[in-house]
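Read off the chains here:
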Amino acid sequence: MRSHRYKLDELAQLVQGELIGQSDLVLNGLASLEQAQPNHIAFVNGDKYLNEALNSKAGALIVTAELKDQLTTHHNFIVVANPYLAFAILTHVFETKVLKRGIESTAQISPSAIIADDAYIGHYVVIGDDCVVGANTIIQSNTRIDDGVEIGKDCFIDSQVTITGQTKIADRVRIHSNTAIGGEGFGFAPYQGKWSRIAQLGSVRIGNDVRIGSNCSIDRGALDDTILHDGVIIDNLVQIAHNVQIGENTAIAAKCGIAGSTTIGKNCILAGAVGVVGHINITDNVTITGMSMVTKNISEAGSYSSGTGQFETNHWKRTVVRLRQLADVPLTKLVKQIDHMQAQLESIESTLKSRK
Amino acid sequence: MRSHRYKLDELAQLVQGELIGQSDLVLNGLASLEQAQPNHIAFVNGDKYLNEALNSKAGALIVTAELKDQLTTHHNFIVVANPYLAFAILTHVFETKVLKRGIESTAQISPSAIIADDAYIGHYVVIGDDCVVGANTIIQSNTRIDDGVEIGKDCFIDSQVTITGQTKIADRVRIHSNTAIGGEGFGFAPYQGKWSRIAQLGSVRIGNDVRIGSNCSIDRGALDDTILHDGVIIDNLVQIAHNVQIGENTAIAAKCGIAGSTTIGKNCILAGAVGVVGHINITDNVTITGMSMVTKNISEAGSYSSGTGQFETNHWKRTVVRLRQLADVPLTKLVKQIDHMQAQLESIESTLKSRK
Amino acid sequence: MRSHRYKLDELAQLVQGELIGQSDLVLNGLASLEQAQPNHIAFVNGDKYLNEALNSKAGALIVTAELKDQLTTHHNFIVVANPYLAFAILTHVFETKVLKRGIESTAQISPSAIIADDAYIGHYVVIGDDCVVGANTIIQSNTRIDDGVEIGKDCFIDSQVTITGQTKIADRVRIHSNTAIGGEGFGFAPYQGKWSRIAQLGSVRIGNDVRIGSNCSIDRGALDDTILHDGVIIDNLVQIAHNVQIGENTAIAAKCGIAGSTTIGKNCILAGAVGVVGHINITDNVTITGMSMVTKNISEAGSYSSGTGQFETNHWKRTVVRLRQLADVPLTKLVKQIDHMQAQLESIESTLKSRK
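In the order they appear, the protein sequences are chains B, E and H. Counting the first sequence from 1 gives a position; this note's numbering is that position plus 1179. Counting the second sequence from 1 gives a position; this note's numbering is that position plus 1179. Counting the third sequence from 1 gives a position; this note's numbering is that position plus 1179.
Think of the hints as simulated: they come from the structure by calculation, not from any bench. Hints should not be assumed to be uniformly reliable.
Identical copies go unnamed one by one, so any copy, or any two together, can satisfy a pair.
Straight-line distance between alpha carbons at most 30 angstroms, and here's what the computed BS3-like set of lysine-lysine pairs gives [what the hints assert, rightly or not]:
1) Lys1347 x Lys1332
2) Lys1347 x Lys1279
3) Lys1332 x Lys1276
4) Lys1332 x Lys1445
5) Lys1496 x Lys1475
6) Lys1532 x Lys1515
7) Lys1236 x Lys1347
8) Lys1496 x Lys1512
9) Lys1332 x Lys1373
10) Lys1276 x Lys1347
11) Lys1496 x Lys1445
12) Lys1186 x Lys1227
13) Lys1227 x Lys1445
It should be emphasised that the depicted structure is a prediction, and the values quoted were computed from it without experimental measurement.
Chain B with its partners taken away, still in its complex shape (with noise of 0.2 angstroms):
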């Protein structure tokens, strides 16, 4: 494993932050507070994190000015205006990154295909006809790419992924392991009682910095293409549908599911385990809660949820039995009876009163 050694000062320049302290300490690592060592370098992410940052053995800490004061315990610091930023760019330094390149002698690369120079494409990949992969871009071992893909330049493909259906990618794109890209879309004609299979035509397009997180199924289109935009972040295991296009930089947390010919805006944010029903428009800025299902466009930016957390089983279970009344209880009729009967009743109790 390759060594990550950095002074304290070769850090505050990378994340330009004000050094405080022994500007020649050696750090190589990045922790937690709980977790960190004299070696090691931590953030502290806002005042809640303050007795954690006390009691911390970590060598140096990212902090803003207002935390520093509070830190006696510490004397070597790197002052920021948000120490989470901070924290995200020293990630990158202290990540191991692949550093082979070329092409490993059982990778099986269709004499069309163009792969750059300074690629990675690792132990049995199998890269079809017309195939290009761009500059910097690495391949992880065992993945394959099917005839008439194209990748972009600085990449990253885990292993076991499968792209096929003549996918696009773009540049800077990460893929995990174990993803289908470009797979068929799940289109059917009803003929006959049976299931007549509709060979799917389009493709997948995928923009730049697009990343995608492992287990996940992403359809090509019938006909159009399943459009990724630039910026989108999709975490594991979420079912992208043919047809759908997904805005620039919308968030998909894991196992969201997309049906098909749904097109979702800019900057939305689904968290885990949203269901989208097919052949609707959610616009930009939209937030969707957990576990939500939306089954209609929505049209207005916002945030949307639907579902309940946790009930004790028993309390769940008297009002479930509730729920199935529901149906036939019309409450704001009811609402509107007891209204009318409560003045039904002052008035006859003042009527009894003046004739007392």
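Following the hints, position chains E and H against chain B.
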């Protein structure tokens, strides 16, 4: 890539439609109305696409007789009763098919496996002892077929698939990439505070014309087999647990999960992300809408649902507050009480009136 | 295929049961009551299977003493206190085990990796620098073990698995096909309207006797590790996000998702498709029923639920109409108001009576 060029009269014949216009018009693609160019044919799926069709650049349109008369901007048509079905048929004509046959030199095939001469076995495929692969079946690269698995003819198995557990697969079955078939069912006996593994001895049987998407898990049975009957179609990321049986022509959309030993009938439709508990029966011709939870037998054909669509999040939060109160609100009793009180009120009012 | 032939007295001894009947009866399979033939042994899991047992063709039955007396159609028994546990034990006897040992010629093993002599490494497996594979561990074909991963003894890793992120795996761990372990956690810092990737520097630690199904994603931690403690069992298509910790002997059914930094205690059971939000704690001995959403800490052992089972769709639609009104219906206040009105009514009626 193989070129697909057809004259309009050839295409009309393939879908048994009536040709209107230029019979020797050459078309080399099937496209959506919006994306079609003059060398493409498109289809018009009903009245609601009339405007799109009028503005389409498609060289020819597949339409019904009624629609044709309104499409004054176009001159080349194939007239059929069901344009969607004609489109489904033509997708097969324009599809890029795998034409390779034979066994790639890097495939590892057990000497006791029987591979049909005109099958295709891709690079780095591993096929175990006593396996059978039928005529015209295609197995893409890096897939693994474990000992004792049998696959019929005209099947398509994409890359990174694992088939184990002595699974038996009939003819014309399609299995998409990264799917796991025949894996060990989740069977454990609780014993002295720990989980004691139950080795799974059953298998998986897959009928003719079954289609399974990518990233699915279909487990082998504990003792008897897990069974997918003829014509079952399954989308991506679907879990089929041990000893599940699914009836003919049932369709299961993405992200569904069927727990162990459940039986689902024929011609059912499970929309996306439906969950079905174990050890229940669902009869034929049942539709379950998206994200529903099925916790009990369904013995009558029909449509079933649970969950709700999205609420604006603040509305939803107030709704959940009420839901948590609901268990203690005797709804139907209250409705009766209110009715009774209303009657009492009216009786009192009439008494008061009579005593005036 | 290796033959499994045992005499009835051998099987009785293996499960420490009492043999009744023909001690030298040869049995070559374990089967369900329904499918069993005279050369099979079956088990009777309680009274409710009595009729099935009476009609079974099984050559021998595993039963309790009470059940035995009622099974007048049978003569060969193994009598035990817990037939289900005896069955669990015998599945291991009849299981077809992987007997191969050694390294297939096509496996790519880094010179710095240490592989135990009696491990099995399948075709096209790729093992990176500084890896360790322990004694009697089986790694099936096409799996990839990335640099720095360590695997203990007696483990079983099926095909198409990817293990990366310097994951450390203890002994007797089973990982099924197409699972991704140690992939990058979904960590991004929002920055200037885009998502800035946080490289993940933590790892995954997996205890003894852990079982992970197929198509699972278990991500490496951001700084600290993601941890599965001893005896955890996980079904298929499960998402375990970065920095999750799962306590001993907790069982997680298929399609669950646990969001980042959540801690789950010991001996918990999560039924199918449960979702748990990030950064919460669930204590020991908690059961979560199927498809529940857990949004808050659970600090008391017990059973928790959300969602509802299926409604007939028209009933459900009317229910949802009411649910959407519910936010504006002050339920507990109304119940009090109705009680109060009832009291008022009674007081009025008594007044009227007294004035007659």
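Cross-check of the supplied hints:
In this assembly of identical chains, the alpha carbons of Lys1347 and Lys1332 lie at most 30 angstroms apart only when taken from the same copy (12 angstroms versus 32 angstroms across copies). In this homomeric assembly, Lys1347 and Lys1279 come within 30 angstroms of each other (Cα to Cα) both inside a single copy, at 24 angstroms, and across copies, at 23 angstroms. Taking identical chains as interchangeable, the C-alpha atoms of Lys1332 and Lys1276 lie at most 30 angstroms apart whether they share a chain (16 angstroms) or sit on different chains (29 angstroms). For the homomeric pair Lys1332 and Lys1445, the shortest alpha-carbon distance inside one copy (24 angstroms) is at most 30 angstroms, but the shortest distance between copies (46 angstroms) is not.
In this assembly of identical chains, the alpha carbons of Lys1496 and Lys1475 lie at most 30 angstroms apart whether taken from the same copy (29 angstroms) or from different copies (14 angstroms). Taking the closest pair of Cα atoms, Lys1532 and Lys1515 come within 30 angstroms of each other both inside a single copy (26 angstroms) and across two copies (24 angstroms). For the identical chains of this complex, Lys1236 and Lys1347 are inter-copy neighbours only, at 25 angstroms across copies versus 48 angstroms inside a copy, given an alpha-carbon limit of 30 angstroms. For the identical chains of this complex, Lys1496 and Lys1512 are neighbours both inside a copy (26 angstroms) and across copies (18 angstroms), given an alpha-carbon limit of 30 angstroms.
Taking the shortest Cα distances, Lys1332 and Lys1373 sit within 30 angstroms of each other only across copies (20 angstroms), while inside one copy they are farther apart (45 angstroms). Proximity of Lys1276 and Lys1347 under a CA criterion of 30 angstroms is satisfied in both settings, with 25 angstroms inside one chain copy and 19 angstroms between copies. Proximity of Lys1496 to Lys1445 under the C-alpha cut-off of 30 angstroms is restricted to the inter-copy arrangement: shortest distance 25 angstroms between copies versus 40 angstroms within a copy. Proximity of Lys1186 and Lys1227 under a CA criterion of 30 angstroms is satisfied intra-copy only: 28 angstroms inside one chain copy versus 67 angstroms between copies.
In the homo-oligomer, the alpha carbons of Lys1227 and Lys1445 lie at most 30 angstroms apart only across protomers (28 angstroms), although the nearest pairing inside one protomer, at 32 angstroms, exceeds that limit.
Of the numbered hints given earlier, the model fails none.
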